[in-house]
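Using the sequences plus the hints, can you model the full thing?
These are the residues of each chain, in order.
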Amino acid sequence: MPTILIADDSETILLLMRTRLELAGYEVETAVDGQEVTERVDPNATDGPDLLLLDAMMPRKSGIDALRELRAAGLETPALIVSAHQTPDDADAPADLEISGYVTKPIDFDLLLGAVAELTEKKAA
Amino acid sequence: VLTAVTVIGVGRLIVQRQDYENSIERSYQREIAARVQLAEGTRPAAARATISREEANRAHLRDQISGDTRDTVILVGCGLIAGLLGALLLFVGLITAMRRPLEALVAAAGRLAGGDRSARVEVGGVSEVATLGKAFNDMATELELEASERDQLDRMKDEFVLTASHELRSPLTSVQGFAELLMMERDSLTPRQVETVEIILDNCRHLVRLLNDLLDLARSDAGRLQVRPQPTELGPLVEDVVRSMRAQTDGTEQTLTERIDPNLPLVNVEADRIRQILVNLVTNAHEYSPERASIQVRARVADNGVEINVTDNGPGIPPAQLEHIFERFVRGDAGLTQRVGGTGLGLAISRSLVELHGGTITADSAVGRGSTFTIALPTAGPDAVEAAPVASPAIGQGGA
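Read top to bottom, the protein sequences are chains E and X. 12 is the number of the first residue of the first sequence in our numbering; add one for each residue after it. 110 is the number of the first residue of the second sequence in our numbering; add one for each residue after it.
Some hints here could point you the wrong way.
A short, non-exhaustive set of chain E residues, derived as facing chain X with CB atoms under 7 Å [to be verified]:
1. T23
2. R82
3. L86
Listed next, with one range per pair, are the computed distances between beta-carbon atoms [unchecked claim]:
4. H433(X) <-> A83(E): 48 to 58 Å
5. R409(X) <-> G85(E): 49 to 59 Å
6. L310(X) <-> E33(E): 20 to 30 Å
7. L34(E) <-> R355(X): 26 to 36 Å
8. H315(X) <-> L34(E): 46 to 56 Å
9. A83(E) <-> Q302(X): 45 to 55 Å
Covered by chain E, according to a simulated footprint, are these stretches of chain X (three or more residues, beta-carbon under 8 Å) [what the hints assert, rightly or not]:
10. 273 to 279
11. 284 to 294
FYI, nobody ran anything at the bench for these hints, they're computed from the structure. Predicted, not measured: the structure shown is a model, and the values here were computed from it. Beta carbons: idealized from backbone N, C-alpha and C, even for Gly.
Laid out in structure tokens, this is it:
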């Protein structure tokens, strides 16, 4: 069963995403900011999460900054960035950072679950 | 100077005249006395000499007075001419001294009116002109201050709208997300509960639309609304919009059809934005038209590109409203329909977006017959032979 690590500073959003992803059959871990993500994810571990779902803007450390650190340390796990912005370039996402896609708020869960399924299957294959 | 020269000249002439007349009179008196002596026969030789001397004396006086008169006339004439020349020189000097600063003032006023808030003049020259220049500079400084305050307020407003529409998205995501969760268990809900949740979801979609519109508008005002045009095939895009809108038009038994010319050239547009505009136009046609109305989306080759018409046979728009239809917060009368749920921003944003693409949007309408909205888009360059993939990198647009 693929594991997904979600990071968002809103408890309700975490609960919502956890519920929807668990209903779809995924195992879900949560973090409240980018700091917790970088502390919890070991870039070289083989038993880490299969997908990261990171909010672009969080206190202490943003999802973008956390991902940048992890990528620099060699992490290859696919990552989706969740943003309240409508278009990706507004999230100040750098072009050189490997991001599998963007999720805009309010979240369209049909589209999100589709993308999650595709990314975790790729990982399994 | 002129007056002095004239007065002195004329005064001198009067004095000389009087001297001359007195001298002539005395000369005549001496001649008369001489002629009496001659008649009486006393000292005839001396009398004759006196007579001829006095005649010569008078001739000399006459010459002198006419010479003096001529001199005076010349003097006065010269004075007049000199005075006029002096006045002329003074006038030219004044004009020259005033012209340059005045011209500078006119130029600066022009720049200020044209939006250059730093336009100032060099204060100097004739004192009145200097005062005017200083007054102009003071006014320009005041204007510059006001304008920069206004700019700052504008920026704050834009920032506020951007931040607000951003911050509102997280709670909205929760409301919509949990309502959707409830709907996933609709079998265990009563019909009344289902209806309630549907109302919540409807309003969430409305809020999303409002937020997206406000965000676009704030971006447009801040000059940050951008499009990323790519060679795009319009046919599939139009079909996609029509397909996505069909659920709504079916609900009111309206006919929604598309008609797409074969061999449409590629257009240079951002597909998501054109989709947004078309959804807006079709939604308007749907919401403002009665049940069983027909709506057609037509894409065809036009003079300089491609035209898309969205036509309905609804109630139409009165000319007075049609004039302002693309302005913000202008909405048509809802009339008999109760479905109208727009923000009054859709067409204003559509126009901004079409114009960012280098296209135009126009509206035609006749009351009682229906309306046609037309967007004209430029074709992609001749070297664009392959359409860019339509898929957007963003997952979920969060409602239209």
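| task | Indicate whether the distance between the beta carbons of H315(X) and L34(E) respects the range 46 to 56 Å. | result | violated (26 Å)
Subject >> Per-residue hint verdict: R82(E), partner chain X, C-beta under 7 Å >> reply: Violated - the Cβ of R82(E) stays beyond 7 Å from chain X, reaching only about 18 Å at its closest.
Requested in this report: Indicate whether the distance between the beta carbons of L34(E) and R355(X) respects the range 26 to 36 Å.
Outcome: holds (29 Å)
Verify the CB-CB distance for R409(X) and G85(E) against the hinted window 49 to 59 Å.
Holds, since R409(X) and G85(E) (Cβ atoms, about 54 Å apart) stay within the stated range.
| request: Apply the coverage criterion to the segment 273 to 279 of chain X and chain E: a residue qualifies when its Cβ sits closer than 8 Å to a Cβ of the chain, and three qualifying residues are needed. | output: holds (count 4)
Does the Cβ distance between A83(E) and Q302(X) fall inside 45 to 55 Å?
holds (50 Å)
query = Per the hint of 20 to 30 Å, is the separation of the Cβ atoms of L310(X) and E33(E) within bounds?
reply = holds (22 Å)
**Prompt:** Regarding H433(X) and A83(E), is the given constraint of 48 to 58 Å on their beta-carbon distance met?
**Reply:** This hint holds: roughly 55 Å between Cβ atoms.
Taking 8 Å as the Cβ threshold, is the statement that the segment 284 to 294 of chain X is covered by chain E upheld or broken by the three-residue rule? holds (count 6)
**OP:** Double-check L86(E) for me: the hint is only fine if its C-beta lies closer than 7 Å to a C-beta in chain X.
**Re:** Hint on L86(E): violated, closest Cβ of chain X at ~21 Å, above 7 Å.
Status of the hint placing T23(E) at chain X (closest C-beta pair under 7 Å):
holds (4 Å)
Hint check: violations occur at hints 2, 3 and 8; the rest are consistent with the structure.
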